Amino acid sequence: MSLVACGNSDSSPDTASSGDTGTETGGEASGDQITLRMAWWGSQARHDGTVAVIELYESQNPNVDIQYEFFDFDGYFTKLNTLVASDSVWDVFQLGGNYPAYINNIHMLNEFIEDGTIDTSNTTQQFLDTTNADGDQVGISLGVNSYGIAYDPQMFADAGVEEPADNWTWGDFEAAAKQINAELGIFGSSIMDDFLAGASIGVGPDYNFFDADDQTKLGFDDPSLLVDYIRMRKELVDLGAFPDPGAAAEVTDIEGDFIVSGEAAMTWIATNQFPTLVDAAGRELKLASVPRRDHDDPFGLTLNSSQMFSIPTNSEHKEEAAKFINFFLNDEEANEILKGERGVPIMSTAREAIEASATDAMVEVLNYIDYVGSNANPELNNIENPNTAEITSQYELLLDQVIYDEITPEEAAQQIYEFAKNIIE
Amino acid sequence: MNKKKIKTFFYHAFLISFGFIMIYPVLWMITGSLRNNAEILSGNMSLIPENWRWENFANGWRGFGGVGFGTFFKNSFVITTVSTIGTVVSSACVAYAFSRIRFFGRNVLFVAMLLTMMLPGQVILIPQYIIYNQLGLVGTRIPLVLPHFFGQAFFIYQMMQFMVSIPRDLDESAYMDGCNKYTIFSKIIFPLLKPSIITTIIIQFYWKWDDFMGPLIYLNKPESYTVSIALKLFADAGSTTDYGAMFAMSTLSLIPVFLIFLFFNKYLIDGISTTGLKG
Amino acid sequence: MQFIENEEQEKKGFRWKMQQFLDKESVAGYVFSAPFIIGFLGFTLIPMAFSMYYSLTDYDMINAPTFVGMDNYTRLFTDARFLKSIRVTLVYVGISVPVKLIFALFIAYLLTRKVKGDTLYRSLFYVPSLIGGSIAVALVWKELFARLGLINALLNTIGLESINWFGAQDKAMIPLILSSAWQFGSAMIIFAAGLKEIPNTYYEAALIDGANKAQMFFKITLPLLSPIILFNLIMQTISAFMAFTQAFVITGGGPNDATNFYALYVYNHAFNFYNMGYASAMSWIMLLIIAFITFMILKFSKYWIFEEK
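Chains as they are written, first to last, in the working numbering: chain D, 1 to 425; chain P, 1 to 279; chain H, 1 to 309.
Honestly, the hints are just simulated from the structure, not real lab data. Treat each hint with caution, since some may be false.
Stated by the list, open to error - Keeping only pairs whose Cα atoms sit at most 25 Å apart, straight-line, the calculated DMTMM-like set for lysine to aspartate or glutamate is:
#1 D:Lys217 - H:Asp71
#2 D:Lys234 - D:Asp48
#3 H:Lys84 - D:Glu410
#4 H:Lys171 - D:Glu406
#5 P:Lys3 - H:Asp118
#6 P:Lys5 - H:Asp118
#7 H:Lys171 - D:Asp405
#8 P:Lys221 - D:Asp194
#9 D:Lys421 - H:Asp79
#10 P:Lys7 - H:Asp209
#11 H:Lys24 - P:Asp177
#12 D:Lys234 - D:Glu410
#13 H:Lys17 - P:Asp242
#14 H:Lys84 - D:Glu406
#15 H:Lys84 - D:Glu418
#16 D:Lys421 - H:Asp71
#17 H:Lys196 - P:Glu172
#18 H:Lys171 - D:Glu235
#19 P:Lys194 - H:Asp118
#20 P:Lys221 - D:Asp48
#21 H:Lys84 - D:Asp194
#22 H:Lys302 - P:Asp171
#23 D:Lys421 - H:Asp58
#24 H:Lys171 - D:Asp32
#25 D:Lys339 - P:Asp242
Given the structure is predicted, the values throughout are model-derived calculations rather than measurements.
Using the sequences provided together with the hints, build the complete structure.
And the structure:
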């Protein structure tokens, strides 16, 4: 049963399912020349991989010509915003957690899943939910990720600190950072995503920072919930256990992170970046979950979609775009090319394809994602509010001011609470 | 005699040391093109690469998704050269009008010209894009090149200031010889603007060469990308950055703009007839 | 014959009239400035009008703009970050522009005479401007001023302590100012061209009259160069107000907004926070400020500009 177009082994019995090659489903108007436009952001490795997959698809679907563009992150969004303003967004475009801002321009994919154009039989509802807003499937995730703390087990051992337990707390984190700093003279931890750690996740497992149902409201009303993280951050900087703003400015990307250079024992990481981090560090690193407030608090993380492909409302080739997305997600050869660089694939077939050649770091990520997936707290809101960027910027500014002794942690908490409340209304 | 020698010595010593300080960051970047990420980020400031990693050039040159730097360089060349020519010709015309001809509305236009330079590009980016989109010109090189044929405020103003030092007596005697405004421009003013034109060429060339906002917005096929966009594509905060390849290609990108400078700089140093106050 | 002569005269008449018409000041003025007028009306005025309109709206670029009147402008005056960014930008302009111009003029002047190696020297001083705006160099600059970077290493060798450049609010701007000053090359080239324009005869005459170098510089060079100085002053001032890339790549506006140049703040609001309306209003306020300062410079220029009669 060697399907000519597939070109790889038939180990998975799912290759007979519909839609993934485009040459065997009936009823489509083959021979109609269609041009799809698509774009994504990333860097050299991703560009090369994605283009290879595009060419693979074109070779299997000669009537489709895909015009693609690619940019770095900032360039991509500058261009996307320009295209949105002129109603001419690419037929297939990449979005991350900031999709709520673009929600009115996205054509929901529910119909394509229902009619089988996009085959979701190899994934779970949980994974689909990472890109589902109120029942609308805004896109299909190209890779899920979550957040964690990457740490160097050897440094922990050298400093006499126990490795993080599954349910470790911010208190444990603080103590570990201080002890590592005292014993080894380096930063306990490298930079964190402060807003996510201190506000979004840090506001506690019982609350969401942004209300899960109403985008114009906050999900909590006690600013003092934000104080502890801010206070901890300041203390750690004062002790030299955490980079001050000057040192933090030196870290522009993963390769420059302090854990890579050996100047820190921990760092915040998005899981899809973990393999890169380990590669750059050149030594064994492990993943621990993000700390919680108290040891018996429920788990504080969910799965997020790292990136997804969406179809814009202005597209004139929505069906063909959906077919391409389906190929991108499900085709095994495609996934072997992509190697899960965008995150852990949501299709089990794709995961199996990369597991075969996964590095230790990738295995760590896969295990971690499974762990998060099975423990995820369903009450948590993993949808980004359209005003997140502005609020994050203000939060980081206030954090700087606390560090420079211009305001107290309590004042900062109060101010960010007011600011966020006013902005989202 | 000795005093002069000492003076010359200090003159050169100063220029060499100051020059070296100036050029040091560039040299470091060039050296970086022969290093890998770890060596670059280690904070090592020496100018001698530890390992001569020539493969950075090969890695960088192959570009992205099958489009290599050969294509990017060609694209940049075409766009930059055409734009530069457009700027020189149109800006000279407009500068002549503003500085040598009194006509109704001249001051208003001059003020408008200055104002165009004071608004940051980002806020008119989107409206301009919409206009070009309506005209169906997005995806072509026209939006990048066309504005240069309508004068560039910076160079118009620069040429105006240079025209100040071309004596009006020349205009008057030319008039008496039977020239009109147009021939005065073509036969007298334009040739005497040489130093200004040369600086315009040098500066406009490298500004256009480095410009990436325009190409980013208006070009939509990787085969048509310019070097300026391509260099940015190496670095992405969310995934790996190949600094060595990026520095290698940045070094190569430096060569054309530098050669333009060298070529035209000759004219700035060699004697250019400064006033033409010949009979 | 008479008939033909008249015809020729008529033809000549028409052509001659046409030429006279074209040669009129007003007409020639418009003909020559036509490129600018067309370009301005077509490519600039309409977008400017758009952006003025946006400034009166709440516009996130994704949904249609909603009119809010002067709200954006009133909000600006209570926006602490905006006020700080104006202050920060003014400080940057006030320091970097003079520094840059002084270097540019000094080096251009040093290199006017034909000496051995002047092409080499010119190149050394010019190359930084060629790549100054690029990402690669911005990253290099970041490394230079890092805590373990070269600058601190040099400070240590002369016995001074390392400075946490990007961590100190009062010092974070210095690397950016130096980066700007470092790129004085294009101003230098313009000065060099201007210096070339000054006829040697003036200097020769002065020498005969017994003038020394300093006198020649102040009494001949500077005055004759004054239109160029004015030009560079205005251009560098305007472009310093627009400073963006360096702050964007090197400091990101920090620490604590100490280097939050207004162009960076505009960009953030326009493209990251989806507040295009607010960003537009900000740009127009800054345009007023820049225009005011520019026209002040122009107004006072008549006191020190020398125009050849």
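Point to revise | Proposed proximity, Glu172 (chain P) with Lys196 (chain H) (alpha carbon, max 25 Å) | key: Within the cut-off at roughly 24 Å; holds.
Check your understanding: Given the proposed pairing of Lys221 (chain P) with Asp48 (chain D), does the C-alpha separation stay at or below 25 Å?
Key -> It holds: about 15 Å lies between the C-alpha atoms, which stays within 25 Å.
Practice item. Assess, step by step, whether the Cα of Lys171 (chain H) is no farther than 25 Å from the Cα of Glu235 (chain D), and give holds or violated. Key: holds (23 Å)
Point to revise | Pair hint Lys84 (chain H) and Glu410 (chain D), alpha-carbon separation not exceeding 25 Å | key: holds (23 Å)
Point to revise | Restraint check for Lys234 (chain D) with Asp48 (chain D), where alpha carbons must lie at most 25 Å apart | key: Distance of about 42 Å is beyond 25 Å: violated.
**Study point:** Restraint check for Lys234 (chain D) with Glu410 (chain D), where alpha carbons must lie at most 25 Å apart
**Key:** Holds - the C-alpha atoms of Glu410 (chain D) and Lys234 (chain D) are around 12 Å apart, at most 25 Å.
Review point. Is it true that the CA of Lys421 (chain D) sits at most 25 Å from the CA of Asp71 (chain H)?
Key: holds (18 Å)
Practice item. Assess, step by step, whether the Cα of Lys5 (chain P) is no farther than 25 Å from the Cα of Asp118 (chain H), and give holds or violated. Key: Holds, at roughly 17 Å.
Check your understanding: Is Lys84 (chain H) close enough to Asp194 (chain D), meaning Cα to Cα at most 25 Å?
Key -> Distance of about 23 Å is within 25 Å: holds.
Check your understanding: Between Lys421 (chain D) and Asp79 (chain H), does the CA-CA distance stay at or below 25 Å?
Key -> holds (16 Å)
**Study point:** Holds or violated: Lys17 (chain H) to Asp242 (chain P), with C-alpha atoms at most 25 Å apart
**Key:** Judged against 25 Å, a Cα distance of about 67 Å means the pair is violated.
Check your understanding: Between Lys24 (chain H) and Asp177 (chain P), does the CA-CA distance stay at or below 25 Å?
Key -> Holds: Lys24 (chain H) and Asp177 (chain P) sit about 17 Å apart, inside 25 Å.
Comparing the model with each numbered hint stated earlier shows that hints 2, 8, 13 and 24 do not hold.
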